[in-house]
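Undergrad: Here is how the chains run, residue by residue.
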Amino acid sequence: MAHGTTTVNANSPDFVAAAKQVERPPLVGGGRGFHWITEKICSIIEEETPTWWWIAFFVTGAITLLVPWSLVYLVSTGIGTWGLNHPVGWAWDITNFVFWIGIGHAGTLISAILFLTRQKWRTSINRASEAMTLFAVMCAGIFPAFHVGRIWYAWFLAPVPQANAIWPNFRSPLLWDVFAVSTYFTVSVLFWYTGLIPDFATMRDREPKPWKKKLYHVLSFGWRSSNRQWKHYEMAYLCLAGLSTPLVLSVHSIVSFDFATSIVPGWHTTIFPPYFVAGAIFGGFAMVLTVMLPFRKIYGLEDLITEKHIDNMCKIILLTGSIVGYAYLMELFIAWYSGNPYEKYAFWNRALGPYWWSYWAMMTCNVIIPQLFWVEKFRKNVVAVWIIVWGPNIGMWYERFVIIVTSIHRDFLPSSWGMFKPALNDITLFIGTCGFFTWLFLVFIRFLPVIAIAEVKGVVPEADPHHHDKDHKGGHHV
Amino acid sequence: MKRKWEHPENSQNGKQYWRSLGELSDTPQFREWLEREFPAGAQEMEMNDISRRSFLRLMGGSLALAGLGMAGCRRPEGYIVPFTNSPEWIVPGNKTLYATAMPRRRGAVALHATTYEGRPTKLDGNALTGSTSADGHVQASILDLYDPDRSRFFKKSGKKVDGKAFADFIEEVSKNYASTQGEGLAFLTESSTSPTLQRLRTEFKGKFSKALVAAYEPISTDAELKATEIAFGQRSQINPAYAKADVIFALDCDFSSKDESGVDAAKEFASRRRVRKSGDMMNRLYVAESRITSTGGNADHRIRMKASKQPAFLALIAKEMVGRGAPDLQGAISAITANVSFTEVEQRWAREMTIDLMQSGKGLVVVGSQQPVAVHLLAIAVNQALNAYRNGIVQVTTPVQIPAASLTDLISAIKAGSVKTLFIIGGNPVYNAPVDVDWANLQKSVEQVIRIGAYEDETTNAKADWIAPLAHYLETWGDARAVDGTYLALQPMILPLFSGVSELQVFAALLGQKECLLPLPTIEPAKVAAPTLPGQPSNLPIPPDMLVVQKTFVEVTKSNNWNKLLHDGFWSGTAFSATSGAYRSSNVADGIKQNFPAYQEGLEVTFFACPKLDDGRYANNGWLQELPDVQSKLTWDNAAYVSYTTARRLGLKIAEIRPITVALDPTEVKRRDENPTLEIDGDEADVVIIKVDGRSLEIPIYVMPGQADDSIAIALGYGRDFNGYIGHQVGSNAFSIRTSANPFVAQNVEISRAGKTYNLAQTQHHFSMEGRAIVRELSLEEFTKNASIVHKMGIDGHQPEDMRSLYEIEKGTGHRPEMKDPHQWGMVIDLTTCIGCTACVIACQSENNIPIVGKDQVRRGRSMHWMRIDRYYSESPTDPQMAVQPMLCQHCENAPCETVCPVNATIHTEDGLNIMAYNRCIGTRYCANNCPYKVRRFNFFDYNKRKVNKKHKLLGFDIGNLYFGPFGEQNDDKMLEMQKNPNVTVRMRGVMEKCTFCVQRIEEAKISAIRLSKGTEKQRIATDSFKSACQQACPSEAIVFGDIANPETEVSKLRALDHNYGVLSYLGTKPRVTYLARVRNPTPLMPDADKVGLGSDWDKQSHLGSHGHGHGEEHGAHSNESAHH
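Just so you know, the protein sequences line up as chains A and B, in that order. When you read off a place in the first sequence, starting at 1, and then add 228, the result is the number in the numbering used here. When you read off a place in the second sequence, starting at 1, and then add 5, the result is the number in the numbering used here.
If you're looking for bench data, these hints aren't it; they were derived computationally from the structure. No false leads were mixed into what you were given.
Partial list, derived from the structure: chain B residues whose beta carbon lies under 8 Å from chain A: (1) MET774; (2) GLY776; (3) ARG777; (4) GLY866; (5) THR904; (6) VAL905; (7) ARG925; (8) GLY928; (9) THR929; (10) ARG930; (11) ASP947; (12) TYR968; (13) GLY970; (14) GLY995; (15) VAL996; (16) LEU1069.
Here are the computed lysine to any residue pairs in the SDA-like style, where the Cα-Cα straight-line distance is at most 25 Å: (17) B:LYS952 to A:ARG378; (18) A:LYS649 to B:LYS761; (19) B:LYS956 to A:VAL300; (20) B:LYS952 to A:PRO650; (21) A:LYS649 to B:HIS957; (22) B:LYS950 to A:ALA382; (23) A:LYS649 to B:ILE964; (24) B:LYS952 to A:TRP380; (25) B:LYS956 to A:THR656; (26) B:LYS958 to A:LEU652; (27) B:LYS860 to A:ILE655; (28) B:LYS950 to B:ARG864; (29) B:LYS956 to A:VAL303; (30) A:LYS649 to B:LEU959; (31) B:LYS955 to A:VAL303; (32) B:LYS950 to A:TRP380; (33) B:LYS955 to A:PRO650; (34) B:LYS956 to A:ILE655; (35) B:LYS955 to A:LEU652.
The C-beta atom is built at its ideal place from N, Cα and C for all residues, glycine as well.
Could you build the full structure based on these sequences and the hints that come with them?
TA: Quick look at the structure:
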């Protein structure tokens, strides 16, 4: 298909090979067309509920029940049911909060930033990762809400006019958190839902049962797929992407302010905002892969979520993992370079103190293990990828634990040093949220189109009006 | 409907009471507020009366609303029941102070009891005696009054009877024994100092001459009395005047905290250690002891030494003295055969100390009351040689304890079968009598036992035919003598809560005054209300026991001014004067020769009265159980203290953690390796079996820095077995191996591992300051040269002169945030005089309604004390230097806690307090995380509401009551609520709390200042006119609180001193609590002199991470001149 004026033989094997090397692999593999895409994605919802799904649903549902159980116990009995003490006023509660919030970052990053930067490969993974974001933020929200001693007065955090005329303290990063997280959640929900509207319409059109049809009709806001609707829709989607993009950066920056604005050695660090954002993307992508790879396998979505997608995500993990590793080393350097004995002690204590194992677990999982992705073979091997991403999943939890617990368990006055041990209720609540997250995801894949049908169709070659059939069949519009 | 301003009419001819400060000052702002808020009410206020119509209208309206059920949506109601006939002076919500006294074995303590509406809530030293301080035992005894476990009923053969039956029984006893002159009648009491009791006993002896009245104290001062009898010809008490001595040598004598001398010793001692400016002098303290005590930790030179070696050590000192100009001592020591060898260091220590002691001309030697008679005699001889008696440094006076027979006399009487009826009043001999006498069986062998005790305890349970509750001293009439003999009054603050009786009442009843045991007759209400006519007796019934005391009062003081005694609480001029007995050197020499204890190699066990529970009498006191021991930081348990070396030698498990070396300096690493800083984690302490004379005790060990090798120290007072909710089976009972032959030091001890572990609860695990300049120390010489060098220690040396916060409002003057109030509160704590006695901790707990949390919660690091005593060790774990530092909310001007609270629950007041609005707090705990001093305390559970110390079995696990939440057992007994200070909120779970600088006292002072000025002129509180609770309790006056905006106050003056510094001031927190650096006064030639001050380990460590202060040249440049005289 050469336009050139050279005399190269376009059919020569050399040329074909060279062209293949330059050409990007298609975003949808297997030369799949529009019809196949619709059928494939809708069939996940429309088919008989598989047995494995029921099993998984009940197992994770049972684990989810730990959440209400732990919370009822916590609220009725007291924060003492956790392992907290003086000096460790925060431990698993805020660790889990930051962990889940971090996971919630990949979704919106994929949706918004990759959208704005025209990274078309996002289309087949954005729906599921956005859903994952929402579920992770839901899990995250439980912790700050319930970690307070008197949740029945948590409304004091809201700037509402009240009889005693006391406003919240706008200097407190905890208050910024309240606003940042709630804004992020709201915008993420809107963004996600907006993306779902054309797909709801597709579901409506396919649905034989009248009541279900009616439901999809309502959910799709009467979508007709008219040119005008598409114009408005795309503008709305673009605006929401624009709104979400700064939020991706701001939420975790503000979460990091919970620590950075304090005076505790190990918390009081200006590197935190970029380091937290990088860590969040790192952890978020790892979780996307963790969730998506099994589901890709089960539903045979290899043509939609291709090796290319996995490869891209692995590279992002490699990049952000290295940024995080750099931040760890920079913290150590600054601790030494500052000459501040308190600062120095805080970091030496992380690495060599009683919680050394958590520090080295973090280092191994976050810095060393992801370096395997330099090797293409690992990036291309789905099983290897799935195993490696457990590194960041675990490591990022440890990172938050290390930052929070090892900093405050030994701070300024050695007289007040102490140790933290998790109590049963810490553990049950965390496991409960893990169950809750998985449970929500299972419900999601069963009831909503897990891949954005309309968007994926937009990236197949047929959708490109300038698309030219190159060397194989192509061309049939379904 | 809007609430109406209801305002009762002002009385026409009485005092004008006001309801708020605003109303009193009647400022335009108040008027405006009143009119804005309650327009209708304001009218009433202006008219100054309520019309009948408006009253009826209001009442009708309220009734209608109540009837409509609208009151149902209101918050739960509480009821305040007013007095029908109020006692004089009582204004609801205002406190009333009464003078009384707390009787103790060796002299009572004059007190002021704070009462609210007839409820005593707090005890402090009687300010009229010149000291407001009271130690932890006194402070905590208020809790004993309200202890729900107290003995509550009169019982005959286990069946409840009423008080009248008991009175009848006493009358019957009195009649039955009258004919036989009391033959077969015996009493066992605690030692007492009450002149009334002495008078009654004398009368009793006259009537029942064959009756036996014995007294027993497990911690007695008998040895001292016996020694004085030998030396001076009469039983006397030795009163050292610490304020007069320049050099003090304390041999195993913890005089500055609890060794029987009350708070006076600490106060006097501290008075000579207060250095303020260059050139000030201070005394010097040498301590030789087996277990590190507060006194030892505070000494200028301390040497650790086995208790059994100490007598010989004192002889060594005496020998040194003989050679240096005290030949008279030769006689006293000639008979002592020294079978002890002393190390080079010990000899040098003794030599240099002796030189100093003698050169000073004002030397004093004190020995612990647990030392045997011969050692007391030797100390008397040494003091004699030092001219201490002639200089007035030691006074010998009549003992304040009233004479009584000994326990041994009683035992032989019981064994002879001559005791038919035995009264056991107070005490607890089944628990604390020497184990070899087997008291429980002796008691069972007596025909009839009448037990009058505060608790139904071990003694009650062994055998008691009659049980009567013993009244608390705050419930009784009585009198007592202070340590110096001053006559003190005891007056009841409250009627006996469980109709308990006092020893005085029992003896009076036995002497025929049965009415003493009966309740007062009730009188018609009309009579109560009627005024007493001039010259006529009161209409109110007069307690007969008061009349008994009054009679003694007249005899003792030759005065009739009973009201003055009750008002003042003491009668000045009744202190004992020195006795005239001449020193008999030959008797002393004989006494020493006969009884001088021989030294034995091998392990020894020393027993000491627990600084918290004493001999076990305070075992059911939650405050004391949870009070961290200063040295070990243990709560809720005792342990066998062993030295690091001994623990290693015996192969005991040591929880030893080497700290992370901050500096990468190789010499530092080496030094640390040679001297590992121990971190003793009480979790999983090794349990050992200690065998003494065939009896064994199972007890966890605790590796104690500064403990003498081969010496095991065990606190008495634990392991009690009675119905006490707090004290039942807490710790191990050391009385079970304590015999009458070896009450304080037992030798020939075997120790073996029990093969199990035990969890101890500590409040501090880390002992090292980790090279941080937290406690700063100077030697006196360095202080004299340049005291302000303390500002250059640690990272603070790098702090810019002009350090300001980003958030400060600059107002030209200084860089303080703007604070408009004329008062600015601050505190200075003098680390030189602080002895770590923990009186402040208990005072704070008592003043501020601080709950206890129970052992399990302490182990989890959740104790609630607003004030704690941080204790650090430096140098090696075997021979450490100890420093204590009271730590409380520093009320930072730039408080890190305030900015991070999302709901504005912790804020700054205009008078410079960092305050907590409990109602606003939602409990994020961020403030506590961000507090560099870690003084904020979070209510993890409802500690006030629920029983903290109870456990329930669930699925085979022991689970704390707190973990049962709403199903947990509540503190439903209202007794403990009565102790609460009504001016301080009782906090619920989920709320953060911390020191408020006793804001309730500040507000009280402000109100009275405004009241006096009528709001017209300046309203400044008079200089130093009130104290915070901790300051009030501090015996050494180390804590000074006050207005730093007023240059006249003590605190302002102290803040201006050169050696005043703020902890962690480099953070820019601008703490309002500052510390005066610790100054110690070492003798340059002593072996451990280089461990004091700038050259010390403290300082070497504190310079890690900082560099180049240029004061290194001052190290080691100690001159030979002694700085103290």
